[in-house]
Amino acid sequence: MSARLLLVRHGRTTANAAGLLMGRTDAPLLPEARAAATALGHDLDLPEPVVVHTSDQPRARLTAHLICHPRELHPIPDPALRERDFGRYTLTAFADLAHDPHWPAVDTHYDVRPEGGESLADVERRLFTRLVHLHDTLPPQTTLLAVGHSTTWRLVEAALNQRRHDRFDEPIPPPLTVLDHPREVLEVLRDHL
62 MSARLLLVRH
72 GRTTANAAGL
82 LMGRTDAPLL
92 PEARAAATAL
102 GHDLDLPEPV
112 VVHTSDQPRA
122 RLTAHLICHP
132 RELHPIPDPA
142 LRERDFGRYT
152 LTAFADLAHD
162 PHWPAVDTHY
172 DVRPEGGESL
182 ADVERRLFTR
192 LVHLHDTLPP
202 QTTLLAVGHS
212 TTWRLVEAAL
222 NQRRHDRFDE
232 PIPPPLTVLD
242 HPREVLEVLR
252 DHL
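Using the numbering used here, read the sequence shown as starting at 62 and increasing by one per residue.
No wet-lab data here; the hints were simulated from the structure. Cβ atoms here follow ideal geometry from the backbone N, Cα and C, with glycine treated the same way. There could be a bad hint or two in this list.
Stated by the list, open to error - FRET-style restraints, in silico, Cβ to Cβ:
{"id": "1", "residue 1": "D230", "residue 2": "E133", "range": "35 to 41 Å"}
{"id": "2", "residue 1": "R73", "residue 2": "H160", "range": "23 to 29 Å"}
{"id": "3", "residue 1": "P165", "residue 2": "E133", "range": "41 to 47 Å"}
Can you build the whole structure from these sequences, using the hints too?
Right, dumping it as structure tokens:
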């Protein structure tokens with residue numbers, strides 16, 4: 062059973078700065094995002110032992126590498142931690158999404174799946190199943206550091222704050238969320254499966 066659960070969100074990318082919805086595509090991290098990940102790697106208190114899992118998308122993998130480098134830890138790429146696949150909306154400008162009559166339902170309703178993509182419920186099932194499995198199989202007192210994306214960690218926050226059945230409008234989480242009572246956290250996530 063893990064001792065701590067730390068959720069890290071990668072920083073802004075060039076696509077974010079351009080106002081584009083990224084999803085499963087990728088774009089380079091901005092220099093300030095790389096610097097923030099490097100600083101977090103130097104400042105973060107990580108009680109041993111530590112296991113690091115990261116989304117296998119390049120922006121998350123680079124974030125994990127920059128955090129882990131000072132400790133010579135080796136992040137494990139994990140497809141279950143990927144960002145939501147927005148299907149046909151991928152790389153659409155946010156300004157254009159504001160004029161699409163179907164986008165609000167895709168963006169905020171758990172069971173609406175965009176053409177060629179995933180619903181929020183799909184992502185939640187994939188993500189929560191993996192986090193519960195990792196928690197259940199780690200050696201006792203292991204710290205789990207998971208590097209992921211805005212939507213993934215927003216889904217965790219919605220579940221923990223009992224807003225799962227409301228309209229999905231969680232704010233973007235901070236770069237680091239430390240959850241000191243993973244047993245309780247994972248029980249909440251398990252209840253949503």
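Outcome of the hint check:
Checked against the hint of 35 to 41 Å, the pair D230 and E133 passes, with Cβ atoms roughly 40 Å apart. Judged by the Cβ atoms, the range 23 to 29 Å given for R73 and H160 holds: they are separated by roughly 24 Å. Here the CB-CB span from P165 to E133 is close to 46 Å, well matched to the stated 41 to 47 Å.
Going down the numbered hints, you'll see the structure goes against none, and every one checks out.
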